[in-house]
Amino acid sequence: MTNRENSCSTKDSPLRKSSKRRSSTRFNMAWYYVLPGLLVLILVTLGPFIYMISQSFYKWGIGSEREFTGFGNYLAVIVDPKFWFSIRVSIFFVVAGLLLSHLFGLILTLLLSAIKKWRGLFLVLFCIPMVLPPITAAMIWKLLYRPNTGIINYLLRTLGLPGPTWLGSYGLAPVSLVIVDAWQWAPFIMLILSGGINTITKEIYEAAEVDGASGWDKLMAITFPLLKPFFFLTFFLRFIWIFTTFDLIAGLTQGGPGNATVTLYYYTYLKTYDFFRIGEGAALSIVIFLIVFGVSMILLKKLVKRRM
Amino acid sequence: MKLAAKKSIFVYICIFILLSFWLFPIIWILLTSLKNNIQALAIPPVWIFKPTLQNYSKLLFDGKFQLAILNSIIVAGISTCIVMLLALPAGYALARFRMKHKEDIAFYVISTKMAPPIVVLFSFYLWFSKIGLIQLEFPLSVIILHITYNLPLSIWLLRGFFEGIPWESEEAAKVDGANQFQILRWVTIPIAMPGILITTTLCLMFSWTEFLFASTVSSPNTMTMSVLMFTWLSYVQIEWGLITAGGILYALPILIIAIIIRKHLVEGMSFGLAK
Numbered sequence: 001m002t003n004r005e006n007s008c009s010t011k012d013s014p015l016r017k018s019s020k021r022r023s024s025t026r027f028n029m030a031w032y033y034v035l036p037g038l039l040v041l042i043l044v045t046l047g048p049f050i051y052m053i054s055q056s057f058y059k060w061g062i063g064s065e066r067e068f069t070g071f072g073n074y075l076a077v078i079v080d081p082k083f084w085f086s087i088r089v090s091i092f093f094v095v096a097g098l099l100l101s102h103l104f105g106l107i108l109t110l111l112l113s114a115i116k117k118w119r120g121l122f123l124v125l126f127c128i129p130m131v132l133p134p135i136t137a138a139m140i141w142k143l144l145y146r147p148n149t150g151i152i153n154y155l156l157r158t159l160g161l162p163g164p165t166w167l168g169s170y171g172l173a174p175v176s177l178v179i180v181d182a183w184q185w186a187p188f189i190m191l192i193l194s195g196g197i198n199t200i201t202k203e204i205y206e207a208a209e210v211d212g213a214s215g216w217d218k219l220m221a222i223t224f225p226l227l228k229p230f231f232f233l234t235f236f237l238r239f240i241w242i243f244t245t246f247d248l249i250a251g252l253t254q255g256g257p258g259n260a261t262v263t264l265y266y267y268t269y270l271k272t273y274d275f276f277r278i279g280e281g282a283a284l285s286i287v288i289f290l291i292v293f294g295v296s297m298i299l300l301k302k303l304v305k306r307r308m
Numbered sequence: 001m002k003l004a005a006k007k008s009i010f011v012y013i014c015i016f017i018l019l020s021f022w023l024f025p026i027i028w029i030l031l032t033s034l035k036n037n038i039q040a041l042a043i044p045p046v047w048i049f050k051p052t053l054q055n056y057s058k059l060l061f062d063g064k065f066q067l068a069i070l071n072s073i074i075v076a077g078i079s080t081c082i083v084m085l086l087a088l089p090a091g092y093a094l095a096r097f098r099m100k101h102k103e104d105i106a107f108y109v110i111s112t113k114m115a116p117p118i119v120v121l122f123s124f125y126l127w128f129s130k131i132g133l134i135q136l137e138f139p140l141s142v143i144i145l146h147i148t149y150n151l152p153l154s155i156w157l158l159r160g161f162f163e164g165i166p167w168e169s170e171e172a173a174k175v176d177g178a179n180q181f182q183i184l185r186w187v188t189i190p191i192a193m194p195g196i197l198i199t200t201t202l203c204l205m206f207s208w209t210e211f212l213f214a215s216t217v218s219s220p221n222t223m224t225m226s227v228l229m230f231t232w233l234s235y236v237q238i239e240w241g242l243i244t245a246g247g248i249l250y251a252l253p254i255l256i257i258a259i260i261i262r263k264h265l266v267e268g269m270s271f272g273l274a275k
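First to last, the protein sequences are chains A and B.
Using the working numbering, the first residue of the first sequence is number 1, and each one after it goes up by one.
Using the working numbering, the first residue of the second sequence is number 1, and each one after it goes up by one.
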């Protein structure tokens with residue numbers, strides 16, 4: 001650390017200071033400011049992470065001695081059919097969740113961009129589900145989804161339709177979760193895309209109208225291409241969020257019925273805290289970390305660049 | 001012109017239909033929380049009834065609920081204080097001072113947000129159980145994990161806010177003979193106050209709603225509101241009137257905060273990355 005401090009020059013002349021906005025006379029001071037936060041951060045992130053990596057190389061469960069197995073846990077994970085099943089569930093979740101939340105997010109954005117009056121009010125109202133604590137969102141939908149006494153099935157029955165067991169049937173439970181996810185997060189997509197649509201000037205549309213473009217043409221040729229960077233942001237953020245969904249599954253189905261809603265993320269949790277297969281749980285965590293880290297890196301490079 | 005008017009009426013109708021779908025679930029739990037237990041489960045559903053506040057009054061005198069709310073307040077309050085104490089100087093220095101590896105540090109800070117919480121959770125769980133932190137009467141274990149949860153984001157956001165402050169005002173104060181402390185106290189912090197308040201509220205909000213960490217390292221004595229909510233949900237016989245009232249009381253502070261800081265919500269949430 002001392003090397004780094006010394007390597008910063010210590011005194012600037014006032015003239016140079018005014019020419020460079022982000023300079024200061026006390027460079028050594030900077031480390032006193034940064035270090036407490038940085039050290040705590042390293043302690044609470046890098047420490048546990050490295051310990052987790054090390055544990056993924058040990059065979060370890062309740063009542064058994066801890067022994068070194070090398071890549072044994074990773075091997076056990078790869079040959080575990082439940083692991084592959086949870087990946088399948090995760091893929092369904094991510095694909096269906098991305099599609100549904102983007103579909104509604106886009107519809108909301110386009111509708112709201114077409115109006116002027118009360119636009120701000122509508123934006124706020126639509127965003128209420130987004131800021132609810134996830135466990136409260138789970139509670140709300142558990143109430144609505146009740147098979148016999150739930151309001152959704154009651155309304156379906158009055159329309160003469162059969163009321164399914166939303167959370168209790170194997171095929172439907174994942175879909176029910178995706179619906180809740182879209183309800184909560186389509187407004188987030190709407191917020192970001194609305195910000196994007198505001199950057200498109202009226203003149204571009206007017207020029208297209210002069211050329212005889214229809215509403216659909218304008219959407220395809222102007223709106224979507226110009227929204228591309230915003231789609232990039234929502235797409236990757238939502239990918240990570242859906243992939244690491246925990247609260248919703250815990251609150252609504254706890255992975256059931258059977259394994260229908262056990263995603264990779266939830267499976268890792270179960271493995272560690274319910275089955276106490278700690279080594280394998282650690283190995284699964286590392287797999288999740290690599291997936292999320294890879295995606296985040298792409299996203300973060302873009303995000304950081306835009307901010308600077 | 002007529003066509004345009006017709007079109008805009010059509011758009012408003014579409015918005016109203018969607019909005020009613022979006023808000024119906026929330027209105028429904030609001031209604032349920034005002035019903036008595038028989039009405040809450042009635043089929044066909046009761047639409048017109050004499051609203052009662054008995055669920056709320058029962059809840060407010062419920063020891064478990066009081067304890068969970070108190071724990072949530074303690075956890076959110078203390079963890080946010082510590083986070084801000086650590087993040088303020090770090091964010092300030094990363095914005096202001098010229099130092100080696102500044103960009104690397106900033107990138108490291110935000111990249112720690114990329115690790116999904118589950119990756120660090122077990123280590124904490126093990127260490128905390130070994131030293132008996134989880135069994136404590138005081139939610140210290142949850143506080144520590146919420147510091148982990150909020151610190152990187154706070155440093156990152158504060159740095160952004162400090163970068164937006166005109167450097168000249170600090171220079172002017174220095175010319176007038178103010179020392180470093182006086183400059184911070186009377187110039188920098190007042191100007192940065194909106195950013196500081198926004199970061200603080202985001203921390204409070206994220207801590208208040210966090211569930212995975214809180215449920216893993218808490219005991220019945222230290223459970224926060226999100227954990228209590230989950231416990232209620234896992235009962236076979238759910239008392240819907242009571243739990244909906246609890247859900248509303250739990251979500252209300254967040255809704256108010258969110259409306260106040262709505263312009264900055266998106267940025268805060270975007271850098272939340274892994275949930």
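FYI, nobody ran anything at the bench for these hints, they're computed from the structure.
Just so we're clear, the structure is a prediction, and the values are computed from it rather than from any experiment.
For every residue, glycine included, the Cβ atom is placed at its ideal position computed from N, Cα and C.
Fair warning: there could be bad hints in the mix.
Label-pair restraints from in silico Cβ distances [said to hold, decoys possible]:
1. B:Gln66 / A:Asp80: 20 to 30 Å
2. A:Lys301 / B:Glu168: 46 to 56 Å
3. B:Glu137 / A:Ala114: 53 to 63 Å
4. A:Lys228 / B:Ile48: 21 to 31 Å
Selected chain B positions facing chain A (Cβ under 7 Å, derived; list incomplete) [said to hold, decoys possible]:
5. Ile29
6. Leu30
7. Pro45
8. Val46
9. Pro89
10. Met99
11. Phe122
12. Ile155
13. Val236
14. Pro253
15. Ile254
16. Gly268
Straight-line C-alpha distance at most 25 Å; calculated DSS-like pairs for lysine-lysine [stated by the list, open to error]:
17. A:Lys301 / A:Lys228
18. A:Lys302 / B:Lys130
19. B:Lys2 / A:Lys301
20. B:Lys2 / A:Lys202
21. A:Lys117 / B:Lys263
22. A:Lys218 / B:Lys2
23. B:Lys263 / A:Lys228
24. A:Lys116 / A:Lys142
25. A:Lys218 / B:Lys6
26. A:Lys202 / B:Lys7
27. A:Lys117 / B:Lys174
28. A:Lys218 / A:Lys228
29. B:Lys2 / A:Lys117
30. A:Lys116 / B:Lys263
31. A:Lys301 / B:Lys113
32. B:Lys263 / B:Lys113
33. B:Lys113 / B:Lys100
34. A:Lys202 / B:Lys58
35. B:Lys130 / A:Lys116
36. B:Lys58 / A:Lys302
37. B:Lys58 / A:Lys301
38. A:Lys116 / B:Lys58
39. B:Lys130 / A:Lys59
40. A:Lys59 / A:Lys117
Now for the hints, and whether the structure bears them out:
no. : hint                            : in the structure
1   : B:Gln66 / A:Asp80: 20 to 30 Å   : violated (44 Å)
2   : A:Lys301 / B:Glu168: 46 to 56 Å : violated (32 Å)
3   : B:Glu137 / A:Ala114: 53 to 63 Å : holds (57 Å)
4   : A:Lys228 / B:Ile48: 21 to 31 Å  : violated (50 Å)
5   : Ile29                           : holds (5 Å)
6   : Leu30                           : violated (10 Å)
7   : Pro45                           : holds (6 Å)
8   : Val46                           : violated (11 Å)
9   : Pro89                           : holds (4 Å)
10  : Met99                           : holds (4 Å)
11  : Phe122                          : holds (6 Å)
12  : Ile155                          : holds (6 Å)
13  : Val236                          : violated (13 Å)
14  : Pro253                          : violated (10 Å)
15  : Ile254                          : holds (6 Å)
16  : Gly268                          : violated (11 Å)
17  : A:Lys301 / A:Lys228             : holds (16 Å)
18  : A:Lys302 / B:Lys130             : violated (41 Å)
19  : B:Lys2 / A:Lys301               : violated (48 Å)
20  : B:Lys2 / A:Lys202               : holds (21 Å)
21  : A:Lys117 / B:Lys263             : holds (19 Å)
22  : A:Lys218 / B:Lys2               : holds (21 Å)
23  : B:Lys263 / A:Lys228             : holds (22 Å)
24  : A:Lys116 / A:Lys142             : violated (36 Å)
25  : A:Lys218 / B:Lys6               : holds (20 Å)
26  : A:Lys202 / B:Lys7               : holds (18 Å)
27  : A:Lys117 / B:Lys174             : violated (49 Å)
28  : A:Lys218 / A:Lys228             : holds (15 Å)
29  : B:Lys2 / A:Lys117               : holds (18 Å)
30  : A:Lys116 / B:Lys263             : holds (19 Å)
31  : A:Lys301 / B:Lys113             : holds (14 Å)
32  : B:Lys263 / B:Lys113             : holds (22 Å)
33  : B:Lys113 / B:Lys100             : holds (23 Å)
34  : A:Lys202 / B:Lys58              : violated (56 Å)
35  : B:Lys130 / A:Lys116             : violated (60 Å)
36  : B:Lys58 / A:Lys302              : violated (51 Å)
37  : B:Lys58 / A:Lys301              : violated (51 Å)
38  : A:Lys116 / B:Lys58              : violated (45 Å)
39  : B:Lys130 / A:Lys59              : holds (19 Å)
40  : A:Lys59 / A:Lys117              : violated (63 Å)
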